[in-house]
Amino acid sequence: MAWLFVAPTIALLLAINIFPLVWMIRLSFTSLNLSMSYLPLRFVGLDNFTDILTDEDVWFRLQTTAQFVIWSVALQVVIGYGLALLINRQFRGHSFWTTIILLPMMLSPAVVGNFWTLLLQPQIGPFNYVISLFTGVPPSSFSMTGQVSLAPWTIVLVDTWMWAPYVMLICLAGLRSIPDYIYEAAEVDRASAWRQFWSITLPMTVPFLMLAVLFRAIENFKMFDMVNLLTSGGPGSTTELVSITLKRAAFEKWRTGYSSALAIILFVTVFGAANIYVKALNKVKQR
Amino acid sequence: MSGSAVAKSGVSRWFSRGPWEAGAMTLIGGGIIMLVQPWSIDLYGYSFVTILAGTIGYVIVSHFPE
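First to last, the sequence lines map onto chains E and H.
Mapping of the first sequence onto the working numbering: position 63 corresponds to residue 63, and the numbering continues sequentially without gaps.
If you count the second sequence from 1, you need to add 1000 to reach the working numbering.
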């Protein structure tokens, strides 16, 4: 009887999760090209994997992705932690400011991508005017999404703007979990605020920080929608993250077998990182 | 202690989860670094096998006793 109740869920999981995964694994060993799908399906063994793992272009795209992940997560952690320290204090309008800070992470990445595209427009966007106000550089003389030197920082900036509040939330949970009596004991021992931060606050929030870093790193490794809307991987391939390479291989070049193999490589990487994430999560739960 | 208990404790010491899990996670982390490092394409070439070995290893060792 119990099986009968669980059966619809299992059937759904099999149909929308397991079946496509198994099908993709199968396709990764073939030379299928959807623009020439009339050709018979040819088994090519590990050729697609060998092609990807010896391809310098894919390697460079993975490095671009890693640079994006490192910079955006580092900025998110610094800003998120700073905001959490501020919000953890009691002040007038505390709830209002918390809500305002959390707004960006409640938006859809598609919306964020679209409105930042407008904000960053060199001719009509206010972003260039604000920069011009502080630096004196003419607003239409630079393009945040169109210049090789600026575009990578633009996607880091927008991602940080959107996700620093999430890191703040996790850090805030960590800060609120520190019992007051520890600070009271430190006060009795006449520890300075700086000393209290380094000896109590930071060590006790490190597991939460680790959690935020792992979660954001995994999410940013898979980042597609926002970057695709903002720069589409350009100018040239300066901001082409590996997810955009995957989409181009699958739906522009129609190399289905090759893109399935690339998808498996990314899936295994994210799955491996997720195992470490779950382990870190359990450690935080045990505290 | 009986012989079988000694043998059992020896086996469980060998197959205790902690160090194996740490090893598998190191393999995964090392593989990810190999995948994105900018210095050697050979390391990049072996990265997927390393991550895969670490991930499969992790799934297996996570069933070991605590």
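Read the hints as simulated data drawn from the structure, not as lab findings.
If you're wondering where the values come from, they're calculated on a predicted model, not measured in any experiment.
All residues carry an ideal CB built from backbone N, CA and C; glycine is no exception.
Honestly, I wouldn't trust all of these hints.
Said to hold, decoys possible - Chain E is faced by these chain H residues, among others (derived, beta-carbon under 10 Å): (1) Ser1016; (2) Gly1045; (3) Ser1047; (4) Thr1055.
Now the hints, each set against the structure:
| no. | hint | in the structure |
| --- | --- | --- |
| 1 | Ser1016 | 16 Å, violated |
| 2 | Gly1045 | 5 Å, holds |
| 3 | Ser1047 | 7 Å, holds |
| 4 | Thr1055 | 4 Å, holds |
The earlier numbered hint that this structure contradicts is number 1, and it is the only one.
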